[in-house]
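**Student:** Below, each chain spelled out in residue letters.
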Amino acid sequence: MSTGGSTFWSAVRLVARREFTERIRDRGFQISVGVMLVILLASVAIPAALGGGSDKYDVAFLGPQQTQLAQTAERQAALLDVDVRVGTVADRAAAEKALADGGLDAVVDNGRILVDTKLSDPLAAVLQSAWATVERDLRLSARGIDPGAVNEASAIRPMPKTTLDPDADQRDTRKGIAFVGTLVLYGMLMVFCMWVASGVVEEKSSRIVEILLATVPARALLTGKVLGIGLLGLLQMLVTAVVGLAAASALGSVELTGAMIYPVALVLLWFVVGYALYACMFAAAAARVSRQEDLQNVITPMTSLLIGSFLAAVFLGQKGGTIAHVLAYVPPFSAMLQPAMTAADEVSVVENLVAFALALLALVGLVRLAARMYEGAVLRMGGKVGFKEALGAARKR
Amino acid sequence: MLELAGLDKRFGAKVVLDNLSLTVQPGQMFGFVGTNGAGKTTTMRIALGVLAADRGEIRWRGAPVDRKVRRRWGYMPEERGLYPKMRIRDQLVYLAELHGMSRTEAQASAAHWLTRLRVTGAPGDRLETLSLGNQQRVQLAAALVHEPELLVLDEPFSGLDPVGVDVMAGVLRERTAAGASVVFSSHQLELVESLCDAVGIINGGRMHASGTVAELRGDDRAVRYRVRVAGAPAGWADALPGVRVLGPAEEDAVLVELLPGTSEQALLDAGRAAGRVLAFAPAAPSLAELFREVVNGEGTDAEAGEPPVAKPRAGEPAGSDPAAGRESEVGA
Chain A
1 MSTGGSTFWS AVRLVARREF TERIRDRGFQ ISVGVMLVIL LASVAIPAAL GGGSDKYDVA
61 FLGPQQTQLA QTAERQAALL DVDVRVGTVA DRAAAEKALA DGGLDAVVDN GRILVDTKLS
121 DPLAAVLQSA WATVERDLRL SARGIDPGAV NEASAIRPMP KTTLDPDADQ RDTRKGIAFV
181 GTLVLYGMLM VFCMWVASGV VEEKSSRIVE ILLATVPARA LLTGKVLGIG LLGLLQMLVT
241 AVVGLAAASA LGSVELTGAM IYPVALVLLW FVVGYALYAC MFAAAAARVS RQEDLQNVIT
301 PMTSLLIGSF LAAVFLGQKG GTIAHVLAYV PPFSAMLQPA MTAADEVSVV ENLVAFALAL
361 LALVGLVRLA ARMYEGAVLR MGGKVGFKEA LGAARKR
Chain B
398 MLELAGLDKR FGAKVVLDNL SLTVQPGQMF GFVGTNGAGK TTTMRIALGV LAADRGEIRW
458 RGAPVDRKVR RRWGYMPEER GLYPKMRIRD QLVYLAELHG MSRTEAQASA AHWLTRLRVT
518 GAPGDRLETL SLGNQQRVQL AAALVHEPEL LVLDEPFSGL DPVGVDVMAG VLRERTAAGA
578 SVVFSSHQLE LVESLCDAVG IINGGRMHAS GTVAELRGDD RAVRYRVRVA GAPAGWADAL
638 PGVRVLGPAE EDAVLVELLP GTSEQALLDA GRAAGRVLAF APAAPSLAEL FREVVNGEGT
698 DAEAGEPPVA KPRAGEPAGS DPAAGRESEV GA
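These protein sequence lines map, in sequence, to chains A and B.
The first sequence stops at residue 397 when you use the numbering used here, and every number in between is there.
The second sequence stops at residue 729 when you use the numbering used here, and every number in between is there.
If we strip away everything but chain A, and leave its shape as in the complex, we get:
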């Protein structure tokens, strides 16, 4: 093995390059990348577009007190820092039409608020307090009290608030990023690990594996395949992250600060580790069968694990709790839980590092086990190769 090292790695490089170039040229892959980017852009752009509309409110008033109500509402809106624009409508019918069209957000008609579907809280506060003020003035005037003096006395500024957490307004955004990140992480791990698995079976079912193994060690073939497909996955993750963050920041829904980029970087990092863990398992399992039809059968435990850790990340990870905190250290669960829990401030940087070290440790063991299973099973054609048989065959070699 003195000169074996360089041949091993040159073989790995060739195998990896083939996997990378063959797949990046695959029409199906190109389409899936396109679809993914469109979904990503839509998920960033649509809330931004909707959110932009809900910050400004268009209202109109009907009925006897409409002028006072409109003036009072504008005053209240200024005090409460709500952007309210007062428009006019001719009658109830026109008002209903404007509400249905979305031209108006609310219409006050004779002591009743009309909305199309729902009334947002800031607007409700403005309208209710305007209504209360106008009604009170009427009653005061009726009792002979000058409303002007009362108004002056009750013109109190709302209490200012002090937010103790400096990142408070970023927290929701980070949770959003973490959720999208977890979703992308899950999807990418599933897609790319399935590629590794079906690639292994493709080589077995087409029997080219025999030609390859006459030239290349089984481990080089496995390593090259996992690396080549993984590099493509990482590239797609990077593109996704850059496009996603750039679009979100351009639309103003995310401010690009360290606190925003950290969870994204974590998703990328854990994609690498998670992919390595799962890809080894998928490859070792796939080597047991010779036909694509049998693949699902042997791969189910791994896909279940992946789905399970995704559900754990979504339902447990963001809330915290003992189970989530334990699972966050257990590979391969950690791959999906760590980014989500970091974004939710459930785990610290130290915990990130500990979980990362544990995952790497597990990876070292898993790579060896997977390589041995792969070596033992990849040349056995026909039926499903048993675990013991695969490991036993490898030992003899």
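Every clue listed holds true.
Within a straight-line C-alpha distance of at most 20 Å, the following computed SDA-like cross-link-like pairs (lysine to any residue) qualify:
1) B:LYS482 to A:LEU14
2) A:LYS319 to A:SER348
3) B:LYS482 to A:ARG207
4) B:LYS482 to A:GLU202
5) A:LYS175 to A:LEU256
6) B:LYS465 to A:PRO217
7) B:LYS411 to A:ARG380
8) A:LYS388 to B:ARG407
9) A:LYS56 to A:GLY87
10) A:LYS388 to B:GLY409
11) B:LYS482 to A:GLY28
12) A:LYS175 to A:ALA241
13) A:LYS118 to A:ALA100
14) A:LYS319 to A:GLY176
15) B:LYS465 to A:TRP9
16) B:LYS482 to A:ARG17
What the hints contain is simulated information worked out from the structure, not anything from laboratory work.
Since chain A is already given, all that's left is putting chain B on it; use the hints.
**Tutor:** For chain B alone, coordinates are given in the frame of chain A:
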């Protein structure tokens, strides 16, 4: 020179190879014959390092082989196999590079072999879009693309049309002429006999005979002649000294065996005395007959039924007498 020495292989309780040895000289074409399950494929897989032997040694040019040596070998497995969806040129370039060629060399060689083997289809076509015959040519190109010093082909002729057989045979001859060694297995014994310099007959995991076809026949084997004499009385050869009549071969021809020390000229003279000699030819047993002897001998008496195992003498390229097995018509 390829040497396999004392290979043993078991799959569970089943003995697949039992102390199997063979030698292939440089520039030699070695045919490997045996019934299904005799151990041909296993031997080839072990030689290529795809399988590990339980015991035994594989040497190339006198030294034990490692992966670096094997990178200069070419292999065409019985099951064939390439990437169905990969473009044929890329496929060949990839395999050539895996065997240690530079990218430029690999590209030139891939283009050369696609042309040389007359693969119809653009180099950018995916393998699965080609006809079966063309896929087989690409498969051969895959074994040849890195200009191997040793070619190991498992049933290379199976499934080929007559033109494909000629192309394959031509290419294999070309490789041996260039100094490469070729080992292939086949059930087409006539083809093996006409192509190969040396033959190995394997049965039940054991090498029963290996050497040139002439050597397999054995020097001490009584020589047979087929003699056709027009107008000769029936039984003209029955009483000739040193001649044993084996029986009528076909219309007015007899098959005789000359006992050691008997001159074939005496037989010819006797024939001419009896009538007009139309044909006089040595009737050497064909490879097919030798093969049947081995396989059937195994069933009756393992020791007595075995033909003598001949080994090519060191330093002498086997197969120096390729015409030895052929029958030639004279006269008429």
